[in-house]
Amino acid sequence: MSSLNKKTFFNSILSYFPVLILFISVLNEVDLNFLEIEYFSFNFVYILIFYWTLKNPNLLGYGSIFIAGLMNDVVIGMPIGISSFCYLLICTATAYLRNITITPNFINDWISLLITILLVNSIQVVTLDIIFSFEVNYMKYFINSGFTFIFYPFILILFNILEIKIKFQTND
Amino acid sequence: MASSRDDFVIAIRSAFLSKSYKQKFSLLTLLFLSLIVLVLGTFNFKAVQYLKMGINEVAYRSSFIASIPENYIQKLNIQFKEHMKVYKNYKKKELLFDELKKKQLSNEFLISENNRLRELINESIQSKDIYAKVLIDRNSPYLKSIILNKGSKDNVKLGMAVLDDSYLVGKIIEVNYTNSRVLLLSDLNSKIPVLLEPQSLHAVLSGSGKNYGVIEYTKEEHNNKLDIEDKIVVYTSGYGGLFKPGLPVGEITENKKIINFFSDFQQMDYVKIVSFELQGED
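Keeping their order, the protein sequence lines are chains A and B.
Anchor point for the first sequence: position 10 equals 9 in numbering that gives the first Met the number 0, and the numbering is continuous, going up by one each time.
Anchor point for the second sequence: position 122 equals 121 in numbering that gives the first Met the number 0, and the numbering is continuous, going up by one each time.
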């Protein structure tokens, strides 16, 4: 079955886009902190992993997520392995959601995201505080989870457009 | 009831173990792997330390490149804000300049007098400076740190003080071969001994996770001394031998518990890593 269109460089790059954004986000830590709005921060990586592992896990491999987590720990300066563990917990939640969902529904996904990030952030904060004796600001984590939840629909729109483009290119 | 429990178990098992044709590892394998890395890292296992150092070398350089667009936007934002308040700042600075000119004269005298007195007691401070570029300026909500482009090959050591111009900004907490990490004074985990002048009050400066520091461990009776109207300048006290005494850190102006740092941690491009040695008769 030969393709009608030639597979261009752009086509192949597009399918690696989620992985590319994941690594750039992890290295760049996209959270708009430079706006210097008090308490404002959100976790773009959580949204990215949640969306792509829920919608199309073939485009964002668990191996890449694991390595991205290790890099995130190194960049932020947290104990190595903790972000990988948290990212993979999100993957577990999305894999479970995929298995139990027959008809995908935005509201269900959105509420599931909230529960997932609250759970994952709680595990991270408790681990950092109790096991590694890091002094962490619980309120900041809580607000970060809130903004991550609020920002999901906006980023979802962008990712939906991207997914349609990728599907269109791969189905040529 | 039993069938819904079975469904749950099947869904969980499938989530952990099943993998699609493009996935090379199952979730369970990777979850265990990350836990193993985390646990071994806690016990400073050598293989994990080497892995961390390897990732450090790659990640810091890549992060520097990946941060260029965001840093550019950040600088534009700062420039815009500064541009908006340039006239107000000019008027303030003009007044300050006149004051400083007067103070400079007496300072020069004090410095020469101090040097003469040190010579009398045969004491000298030997310090060594290393200039470094700020590779990554992570304004993370959880950890306030920066990465420098100088590491163990440039004789950077743990605990060395880092200065922005002549103001203290933090200390080295992690050293790799070509780079190192600085814990900024604003980080929640940063605590340094300081001296509050002109009251000559010893205290501990603790990071707040924000752009200012707080005074800790001063007795209630000393708090009254901080009530004077003049601003209080905070210097390193040199206790513990970690920092050179007398490095300016910040000032207390209105709120007597809050220290405004002299240096703007978000606008540092180059810093000075300093080690010092106090040499005396003993």
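Keep in mind that the hints were calculated from the coordinates and are not lab data.
Check the hints yourself; a few may be wrong.
What the hints assert, rightly or not - Distance condition first, Cα-Cα at most 35 Å in a straight line; then the derived DSBU-like pairs of lysine-lysine:
1. K139/A x K170/B
2. K256/B x K190/B
3. K139/A x K87/B
4. K139/A x K100/B
5. K139/A x K45/B
6. K139/A x K156/B
7. K190/B x K139/A
8. K92/B x K74/B
9. K243/B x K102/B
10. K92/B x K243/B
11. K139/A x K127/B
12. K243/B x K139/A
13. K74/B x K164/A
14. K139/A x K102/B
15. K139/A x K132/B
16. K127/B x K101/B
17. K139/A x K80/B
18. K91/B x K45/B
19. K271/B x K139/A
20. K139/A x K101/B
21. K139/A x K256/B
None of these values were measured; they are calculated from a predicted model.
For this session: Could you tell me which of the numbered hints above are not met by this structure, giving the numbers in increasing order?
Result: When the structure is compared with the hints, numbers 4, 11, 14, 18 and 20 turn out to be violated.
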